[in-house]
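Enquirer: For reference, the chains in residue letters:
There are 4 protein chains.
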Amino acid sequence: MIKVGIIGATGYTGAELVRLLKHHPLVELVALTTQQYVGLPFAEVYPHLSGKVDLVGEELNIPALVNRCEAIFVSLPHGHALPVAQEVIRQGKKLIDLGADLRLKDPAVYAKWYRIDLDQSLDRAITAQLPAQAVYGLPELHRQEIRQAKTVANPGCYPTSALLGLAPLLKNKIIDPNRIIIDAKSGVSGAGRGLSLNTHYCEVNENIKAYSVANHRHTPEIEQELSLLAGGEIKVTFTPHLTPMTRGILSTIYAPLSVNLTLPEILKLYRTFYQDEHFIRIMPPHILPGTKMVAGSNYCALGIVVDERTNQVIILSAIDNLIKGASGQAVQNMNIMFDFPETMALEEAGVYP
Amino acid sequence: MIKVGIIGATGYTGAELVRLLKHHPLVELVALTTQQYVGLPFAEVYPHLSGKVDLVGEELNIPALVNRCEAIFVSLPHGHALPVAQEVIRQGKKLIDLGADLRLKDPAVYAKWYRIDLDQSLDRAITAQLPAQAVYGLPELHRQEIRQAKTVANPGCYPTSALLGLAPLLKNKIIDPNRIIIDAKSGVSGAGRGLSLNTHYCEVNENIKAYSVANHRHTPEIEQELSLLAGGEIKVTFTPHLTPMTRGILSTIYAPLSVNLTLPEILKLYRTFYQDEHFIRIMPPHILPGTKMVAGSNYCALGIVVDERTNQVIILSAIDNLIKGASGQAVQNMNIMFDFPETMALEEAGVYP
Amino acid sequence: MIKVGIIGATGYTGAELVRLLKHHPLVELVALTTQQYVGLPFAEVYPHLSGKVDLVGEELNIPALVNRCEAIFVSLPHGHALPVAQEVIRQGKKLIDLGADLRLKDPAVYAKWYRIDLDQSLDRAITAQLPAQAVYGLPELHRQEIRQAKTVANPGCYPTSALLGLAPLLKNKIIDPNRIIIDAKSGVSGAGRGLSLNTHYCEVNENIKAYSVANHRHTPEIEQELSLLAGGEIKVTFTPHLTPMTRGILSTIYAPLSVNLTLPEILKLYRTFYQDEHFIRIMPPHILPGTKMVAGSNYCALGIVVDERTNQVIILSAIDNLIKGASGQAVQNMNIMFDFPETMALEEAGVYP
Amino acid sequence: MIKVGIIGATGYTGAELVRLLKHHPLVELVALTTQQYVGLPFAEVYPHLSGKVDLVGEELNIPALVNRCEAIFVSLPHGHALPVAQEVIRQGKKLIDLGADLRLKDPAVYAKWYRIDLDQSLDRAITAQLPAQAVYGLPELHRQEIRQAKTVANPGCYPTSALLGLAPLLKNKIIDPNRIIIDAKSGVSGAGRGLSLNTHYCEVNENIKAYSVANHRHTPEIEQELSLLAGGEIKVTFTPHLTPMTRGILSTIYAPLSVNLTLPEILKLYRTFYQDEHFIRIMPPHILPGTKMVAGSNYCALGIVVDERTNQVIILSAIDNLIKGASGQAVQNMNIMFDFPETMALEEAGVYP
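Going down the list, the protein sequences come from chains A, B, C and D.
At the far end of the first sequence sits residue 1166, using my numbering, and the numbering has no gaps.
At the far end of the second sequence sits residue 1166, using my numbering, and the numbering has no gaps.
At the far end of the third sequence sits residue 1166, using my numbering, and the numbering has no gaps.
At the far end of the fourth sequence sits residue 1166, using my numbering, and the numbering has no gaps.
Derived by calculation from the structure, the hints in this document are not laboratory data.
On a predicted model such as this, the values are computed, not experimentally measured, just so you know.
Treat the hints loosely; a few may be bogus.
For chains that are exact copies, the list does not tell them apart, and a pair is met inside one copy or across any two.
Heads up, simulated PhoX-like pairs for lysine-lysine below, C-alpha to C-alpha not over 25 Å straight-line [claimed, not checked]:
#	residue 1	residue 2
1	K835	K925
2	K963	K835
3	K835	K865
4	K1081	K865
5	K865	K963
6	K986	K1081
7	K984	K865
8	K1048	K835
9	K1048	K984
10	K963	K816
11	K835	K816
12	K918	K816
13	K963	K918
14	K925	K1048
15	K918	K1081
16	K865	K816
17	K925	K1081
18	K925	K986
If we strip away everything but chain A, and leave its shape as in the complex, we get (with noise of 0.2 Å):
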């Protein structure tokens, strides 16, 4: 039994974290910190919630927090988890950032895509080693470093999506690196529970449309594992899209084939690259994953197409990206971290239809 708190726990991803570690029976929620709802019962916030939680909302103080848990998520916007990352190592405890600021191993990139000095009033010497020491998060392509981390960086969600769909491609070399095209469609609720228009109903309500097309700021993160798992420094041309609907990411990703290989070849190789992987799955092909097979759920559903007109590899790869693509996987970083059963408390199926 560990005693966990989450830093800004009313947004969506932090109401995530909160009814999934309510169900997780070696966790005791102790903490959850608001910027808008100090003082209010969190389940006035979250109805859903009621007779589930007694907790309230509370300001943030890092250092008292830290001192009340082992385990901290931090689900701010980014530019916010340095100090708190800085007093979590400070006290030997551990941490969980759903955010961005640990991702990105290199500064440079960070700097440039976020647009963001990093905090200056820490140590500099002290901060700039932050990310390079924590873990990335995907617990498929990093488990046995996240067993050894105090700090792991939550990946986003559609780098999530995509990098669970191209490891097995890139792991095998059967495609041509340099020229993978990851079209991505997401749910209104990746774009947080903050006002707006992009979030009016009315305006996303029977409409599609591309958002941030080439410079969207998960890039360099998918670029940065890609080119890990590739031995060698890979471009992605990524096309985000805001879908009129709540949850759910789909990433359709195509790549030219370097090899000669049948579907069912590549589709072994996908069984054996995942075989112990509880949370993917690869989908037979008469049936093509869409959002809503994964939706409440910590899946990932994979789809796996050739076409052999053209040569290219199309994989489909669902998620929710408030589970997997967040909330989700960072339980299943924390399960990894202390060393409890991987899918404990992930176990649900989500409801359907």
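Based on the hints, put chains B, C and D in the right spot on chain A.
Expert: Using the frame of chain A, we list chains B, C and D on its own:
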């Protein structure tokens, strides 16, 4: 540990039963029958359950199936439950019927609203008694009888939301029982997985409309139970609406107050009436229930408003039509019938958003 | 050909006015004011009108704008129309206000429900008379007065649907006027383009809920007009609901019949009452109106059902909240005020599906 | 004024034809054929057209119908247009086929992708020539031929959006024509009004998924026209997706630049290529097209982005699948064939939001 079979497992309520029962620690699912998908792995019909369910859809053979199970759920269109009920009673097993065949105590009322002659092939002397023997499975009102029951008639989705909203008012005799109006809004899954123009995406999306106005079959069921509560015959005006969403029912219920009570006094009556009920949430006055607040869960959220200008009490009653309105309640009934903890496998909060 | 200006053109009702008036052969749009988008081409704020509108959003200068126009539409939140109305009258122009400021004849009722003191900077002696002078712009009930009017108060969306549904019943004195219940379901665009958690896609989608129960501001407006129709003071129970769709209002209206009439007789009363009304569609008994049937159009579809068991007449009244419930009706009023053909620019059927 | 008949008027594209043609000042609609609704007033099948259309659904009698009309639209599933085309040619009338039968010039390609032997009852020598004689009705590419045509093959919805997006790139020879990827997202109305699990509201809502990956029938149609544009045989990777919305197609198109051009230079090529095209909107770089921007209209909105990191040009092409992707384009073709103003009855902007 009991062995359970589901007759009609590939409709939406059947699939929800499978999902809930797979998480039930005291249940072993042994048979799933289907008309359309005989021989197909259930997890191919419902891929969100891939890896969770190994059973294959089988044809229905009533005596053999009853023989293999201790509890049988029937999730078929009305008109098909009586032969199963008869066999279940003969073999001394237990049955929960999610259809309408056992709900109405008066065979003449059933015949009138459902325009059906009960199965001619059965011994009428016996079948006529089946509905009378069955217990109406709304645990919050009939828990003691359910505990003793061999056959339970699981309530309809609309009646569940209406009855839970109205019971405290009638029991406490604070409304005029002859002027109740129930304006209910349901998600499309209430119409099942069958194909019709009424469930075609393009006909339903961006469209709200009433249907079966003044002649919906759930009317006599609501009236039967309200009459019991009030101790006298009650007629209600009931108007269902098809709402562009997948899940949920919100019933907006109007009744004139017959005694002079304030909102806090009425709230207190509700809190007292439901004080030991795990699945009923009386919302505070500043939070009105929406369907999303209970979607994916077995909870019912109730909001109470008094319109002092017109002396009406207005009840908002929200449930998930497929869970508290169908499969969840069926599992709750099973738990009571087998003396399992009543909330077992039913404590999920549902995801939000 | 008249010159027309729209004050508040960049909200949803403003944008609909622009679209409709651009197709109007006797109107020249000369000014679009905006708070948020001053200096921006209107077609960049609303790209669906690219190539259709060349105007640029401008700041509001009341006297100058009134001077440039013969007709002025005001599409602002309540509390801002009176200064415009005063200036319009001073300059002898004509005004149609889509807000609430001119609708309620009794200033005390306005002050109570809208919690607003009318603009202090104006001469109270004058402004107090403005609502009294304005005509309530529901053409089907007040066409003759609208023809003479200098200032028209365009009805609210809910009142439009409720009044059109109820007028024939009250005029013919066939219901008990003191027991009317209006259960209304609106699409999200009724809440405007402003940002709030209530219009956030993820909060609205897959969710239906009531709001402002027993205290919505359209209540006194409905009551004012129903009282006129009935020749005596009427109070109604009115419950609005937010529905997961962009457009449309369906009002389900309940009233006890006070005389013994059959459905065909009541249908005949409706057909007679609305026999010359182009925009009213009395549906045949086997087709109940849904909001999609009138979406994108200025039509109102009415369905009538009699529940003989409870002696209630149930009216289903469907409109597009932004057209017949706002901008379309405003153009209809303009047509009448300027003696143009009443249906000009308003005959579009709306797309389906 | 010409007399027009629609064969297959009660599907979605048929109903859109009816709506558009009823507003057309030079068209008299004289016949609507239907399989399902013979004898029923069209306005009861589609009540949004109540009061607009008096015609009654009639059975198809090809020679008689052709005789009554000068222009015939065929809106049937593929495989049914040839007998009509033959009769139209015999009687010297004009035909616009919204299906696939006349689109592919090479009968072997048609037979391979559509798995159909052209109607055996017809004279093969004649029918084999029908597709060859028909003009591919994309006015922006084939206006002059359409002007002379007796029979026009109205393009598919996906090809329309893809071809309009790609034409300027291929004509100007600035991309590698052998590495084009088209990732298209369509609303559900593209699947028609027929019933299937794929159009069931609960299966589609909150779900995005690919279908017919690497084998969709619009692929050869896209390739035929692209090859013409490029002056050489082209193969494309085309992936359609079913999106939870009723209307609209967004095609996201990827192609490697083969020459060194900046975004402003490419934008200029597009503006030049489409300079006289009323229905094409080249969006400025800061506004990316979404489907809602063109819903309900005959416009196509194009957005262009250059990903300099990967040297890809990315085209976003949005249309309303039922209008520019079907019925609107068919009317545009009719206007050209009969020398009417090309935009007649097609200038509506569509409602927003």
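Enquirer: Take the hints in turn and mark each one as holding or not.
Expert: Each hint, compared with the structure:
no.	hint	result
1	K835 - K925	neither (38 Å within a copy, 46 Å between copies)
2	K963 - K835	within (23 Å within a copy, 36 Å between copies)
3	K835 - K865	both (7 Å within a copy, 22 Å between copies)
4	K1081 - K865	between (43 Å within a copy, 22 Å between copies)
5	K865 - K963	neither (30 Å within a copy, 33 Å between copies)
6	K986 - K1081	within (14 Å within a copy, 40 Å between copies)
7	K984 - K865	neither (43 Å within a copy, 29 Å between copies)
8	K1048 - K835	neither (40 Å within a copy, 44 Å between copies)
9	K1048 - K984	within (16 Å within a copy, 28 Å between copies)
10	K963 - K816	within (16 Å within a copy, 46 Å between copies)
11	K835 - K816	within (12 Å within a copy, 30 Å between copies)
12	K918 - K816	neither (29 Å within a copy, 53 Å between copies)
13	K963 - K918	within (16 Å within a copy, 64 Å between copies)
14	K925 - K1048	within (16 Å within a copy, 38 Å between copies)
15	K918 - K1081	neither (33 Å within a copy, 40 Å between copies)
16	K865 - K816	within (17 Å within a copy, 31 Å between copies)
17	K925 - K1081	neither (39 Å within a copy, 30 Å between copies)
18	K925 - K986	neither (30 Å within a copy, 34 Å between copies)
The earlier numbered hints that this structure contradicts are 1, 5, 7, 8, 12, 15, 17 and 18.
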